[in-house]
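Trainee: Protein chains in written order, with the numbering used here: chain A, 1 to 282; chain B, 1 to 431.
For the record, the hints were derived by calculation from the structure and aren't laboratory data.
All residues carry an ideal CB built from backbone N, CA and C; glycine is no exception.
Just to be clear, a hint being listed does not mean it is correct.
Partial pick of chain A residues on the chain B-facing surface, computed with a CB cut under 10 Å [said to hold, decoys possible]: (1) Lys47; (2) Ala54; (3) Gly56; (4) Gln196; (5) Pro200.
Keeping only pairs whose Cα atoms sit at most 27 Å apart, straight-line, the calculated DSS-like set for lysine-lysine is [as the list claims (entries may be wrong)]: (6) A:Lys191 x B:Lys15; (7) B:Lys265 x B:Lys240; (8) A:Lys21 x B:Lys132; (9) A:Lys51 x B:Lys15; (10) B:Lys132 x B:Lys158; (11) B:Lys265 x B:Lys207; (12) B:Lys158 x B:Lys139; (13) B:Lys265 x A:Lys47; (14) B:Lys139 x A:Lys47; (15) A:Lys47 x B:Lys240.
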Amino acid sequence: METTRENPAHPVPTLIIRPPKRWVPVDLHEVWEYRELLYSFVARDVKIRYKQTALGFLWAIIQPLFMMVIFTLFFGGFAKIPSDGVPYPLFSFAALLPWTLFAEGLTRSTTSMVSNAGIMTKVYFPRLVLPISGILSPLVDFFIAFIILIIMMAYYGFVPTIAIVLLPLFILLALATSLAIGLWLSALNVKYRDFQYTLPFIIQLWLYASPVVYPSSMIPEQYRMLYGLNPMAGVIEGFRWALLGAKPPDAMILVSVGVVVVLLIGGLFYFKRMEQYFADVV
Amino acid sequence: MSNDIAIRVSHLGKKYQLGGPQEKYLTLRDAMVNSLKAPFKQFHRAPPAEGFWALKDVSFDVEQGEVVGIIGRNGAGKSTLLKILSRITTPTEGTIELHGRVGSLLEVGTGFHPEMTGRENIFLNGSILGMKKTEIEQKFDEIVKFSEIDKFIDTPVKRYSSGMYVRLAFAVAAHMDTEILLVDEVLAVGDAQFQKKCLGKMGEVAKHGRTVLFVSHNMQAVRNLCTTGILIDHGTASEKNEAGIVIQNYLESLSTSKDNSDFDKMLNELPQDPVFKWEEIELRQNNITVYQTIENGSPLEIIIHYCVKQKTQGLRIFFDLCDTDDTLLFRSFHDEQNEGIPVMYPGHYSSFAVIPADLFSPLSYELRLFSTIFNERICNPVEGIRIPIHVERTGKTNSAYLSEPIRGKLAPFIAWTTVRENDQVRSSHKL
Numbered sequence: 001m002e003t004t005r006e007n008p009a010h011p012v013p014t015l016i017i018r019p020p021k022r023w024v025p026v027d028l029h030e031v032w033e034y035r036e037l038l039y040s041f042v043a044r045d046v047k048i049r050y051k052q053t054a055l056g057f058l059w060a061i062i063q064p065l066f067m068m069v070i071f072t073l074f075f076g077g078f079a080k081i082p083s084d085g086v087p088y089p090l091f092s093f094a095a096l097l098p099w100t101l102f103a104e105g106l107t108r109s110t111t112s113m114v115s116n117a118g119i120m121t122k123v124y125f126p127r128l129v130l131p132i133s134g135i136l137s138p139l140v141d142f143f144i145a146f147i148i149l150i151i152m153m154a155y156y157g158f159v160p161t162i163a164i165v166l167l168p169l170f171i172l173l174a175l176a177t178s179l180a181i182g183l184w185l186s187a188l189n190v191k192y193r194d195f196q197y198t199l200p201f202i203i204q205l206w207l208y209a210s211p212v213v214y215p216s217s218m219i220p221e222q223y224r225m226l227y228g229l230n231p232m233a234g235v236i237e238g239f240r241w242a243l244l245g246a247k248p249p250d251a252m253i254l255v256s257v258g259v260v261v262v263l264l265i266g267g268l269f270y271f272k273r274m275e276q277y278f279a280d281v282v
Numbered sequence: 001m002s003n004d005i006a007i008r009v010s011h012l013g014k015k016y017q018l019g020g021p022q023e024k025y026l027t028l029r030d031a032m033v034n035s036l037k038a039p040f041k042q043f044h045r046a047p048p049a050e051g052f053w054a055l056k057d058v059s060f061d062v063e064q065g066e067v068v069g070i071i072g073r074n075g076a077g078k079s080t081l082l083k084i085l086s087r088i089t090t091p092t093e094g095t096i097e098l099h100g101r102v103g104s105l106l107e108v109g110t111g112f113h114p115e116m117t118g119r120e121n122i123f124l125n126g127s128i129l130g131m132k133k134t135e136i137e138q139k140f141d142e143i144v145k146f147s148e149i150d151k152f153i154d155t156p157v158k159r160y161s162s163g164m165y166v167r168l169a170f171a172v173a174a175h176m177d178t179e180i181l182l183v184d185e186v187l188a189v190g191d192a193q194f195q196k197k198c199l200g201k202m203g204e205v206a207k208h209g210r211t212v213l214f215v216s217h218n219m220q221a222v223r224n225l226c227t228t229g230i231l232i233d234h235g236t237a238s239e240k241n242e243a244g245i246v247i248q249n250y251l252e253s254l255s256t257s258k259d260n261s262d263f264d265k266m267l268n269e270l271p272q273d274p275v276f277k278w279e280e281i282e283l284r285q286n287n288i289t290v291y292q293t294i295e296n297g298s299p300l301e302i303i304i305h306y307c308v309k310q311k312t313q314g315l316r317i318f319f320d321l322c323d324t325d326d327t328l329l330f331r332s333f334h335d336e337q338n339e340g341i342p343v344m345y346p347g348h349y350s351s352f353a354v355i356p357a358d359l360f361s362p363l364s365y366e367l368r369l370f371s372t373i374f375n376e377r378i379c380n381p382v383e384g385i386r387i388p389i390h391v392e393r394t395g396k397t398n399s400a401y402l403s404e405p406i407r408g409k410l411a412p413f414i415a416w417t418t419v420r421e422n423d424q425v426r427s428s429h430k431l
């Protein structure tokens, strides 16, 4: 769509605007240049989330905590679902953390463009900044809830293995997954608002398709690779391995990573392609 | 400042698709991608709809330091042009060259969040407008001072009055430090005093050598701030010239759009007033009815037929003569030369007024007729019945000077006498 270059004769930048081609190259460098704006959006989203609430940041803990309680009662208690030798509350809570990070990130990035429609139609910035800010803002909630996880681990006497150094990688994988899907959905959502309405439904299905309430060891051998197509399967097993010393995720994780990479690159290109229409259609 | 081009627009066009982005099956790759997207396309309307060219073949250059006013009717394409220059929307054809960083002021308070404080919003808004954090920190005190918010800077913006909100928003935007500034009708914010301040700041910005493109309907502001003007008409840049000339041409083009059958119809369709009804309005010169073009060499008769529906005290008919910038030149009441406040009984009336010959300049004016009840209210229509008139020069003048333009809003006949002084006469003419 545009090319920017420094003109050596004059110190000011030169910009040429042309009609865009169908497939626009992904310019991550530009996103880096706008990192301060990205930070501003994330800071804004985090600040306003809990303004004028009595409980403030405690809400970041309450949601996963309550889900854990319900799961423990019904899945761990009544349904007696096995938990790979880990006490069920810890088992599910350790999974709920990356899960919530993913689900919140996906929800926020899908609606990021539509909720920022006002800004999008008045100011230029690379639109990629919006879904990226969507997946980053739940990180704050994640870290707050992580403190509770550490407390729980101490309570149950679990010490993390050396694999804990890989934890950041799994966090990254969760973020990448939510971004990958978020790019597709946010771009589609600009034109077809259906997507933001189907999202709660999709997330709910996905929750049960992921090893949050049950261990992936429950999945029969022949379906394991298929199961690995769900990147969150790899993320959650990785979390449990790094933190609780559970079984390391097997080759399934490679499938997960592969899926994320493909979806992410595809998502970036699709997003850039549709970007030219956003301001006209939102 | 050299004659460097700051902005060069060549054959710019923007077509809006009225049914959504058109899908053309040009290549196999496109077809494959489209079929992959098919599950998401079930709600896509079947035929790709017609397009609408908001801008077509627009070309112009803007030099560094030029302050250009972009004017035109609503819907002409001015805002679309600014949006494309701001990279918010993409052009369909043509190219634009921009030399310098671009700051866009298309709206005041972009991104302001009501839950955040003034301070937080300054940083957020500044960041959205493209200012770096260090830049905002440096200018923070200036911004607060300009906005006159001071002690409220740490309260959430949702508690601000609308005036405060707008002042803060403008204060941030006014401190943008880009070489090129694109401004879209945002100066009509705040109270009169603040508007003056904003215009002042804009003027300052312009003087510092920034290139400014300023879209506005406020002809006064355009005249004061801009050196050149571009008229956008139905999606094309129909003229680029000195600001004053473009404004004149634009305003004149507005007045020729009414015709007389519309006028009579309009009179009949006016909202009912309980006391007064306009029945007929006629302009005559030399015993002939005239419509929009009149001459300044003959007196102009204004004939008004109306109906008074109730016994009313203090009913006054008057007209304003205004120039094309809405400046009132003079006002005349039908009972100025009488004494006392009349009582009018229900019935049909006519009032005649004569504007003498040799008063108008050869310009465009607007005659506005009103009826008012003294100390009570103005009768419908409250904004008056507006009649645009264009005056041709026909009065008696010195034919040696015919090519000289008549300057001034009015050109009344003034009687001059000139006498050659000799020594005897000088002493008696001493002032």
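Trainee: Would you mind marking each hint as holding or not holding in the structure?
Mentor: So, going through the hints one by one against the coordinates:
no.: 1; hint: Lys47; in the structure: holds, 6 Å
no.: 2; hint: Ala54; in the structure: violated, 15 Å
no.: 3; hint: Gly56; in the structure: violated, 13 Å
no.: 4; hint: Gln196; in the structure: violated, 14 Å
no.: 5; hint: Pro200; in the structure: violated, 18 Å
no.: 6; hint: A:Lys191 x B:Lys15; in the structure: holds, 18 Å
no.: 7; hint: B:Lys265 x B:Lys240; in the structure: violated, 37 Å
no.: 8; hint: A:Lys21 x B:Lys132; in the structure: violated, 31 Å
no.: 9; hint: A:Lys51 x B:Lys15; in the structure: violated, 43 Å
no.: 10; hint: B:Lys132 x B:Lys158; in the structure: holds, 25 Å
no.: 11; hint: B:Lys265 x B:Lys207; in the structure: violated, 49 Å
no.: 12; hint: B:Lys158 x B:Lys139; in the structure: holds, 23 Å
no.: 13; hint: B:Lys265 x A:Lys47; in the structure: violated, 58 Å
no.: 14; hint: B:Lys139 x A:Lys47; in the structure: holds, 23 Å
no.: 15; hint: A:Lys47 x B:Lys240; in the structure: violated, 48 Å
In the structure shown, a violation is registered for the earlier hints numbered 2, 3, 4, 5, 7, 8, 9, 11, 13 and 15, in ascending order.
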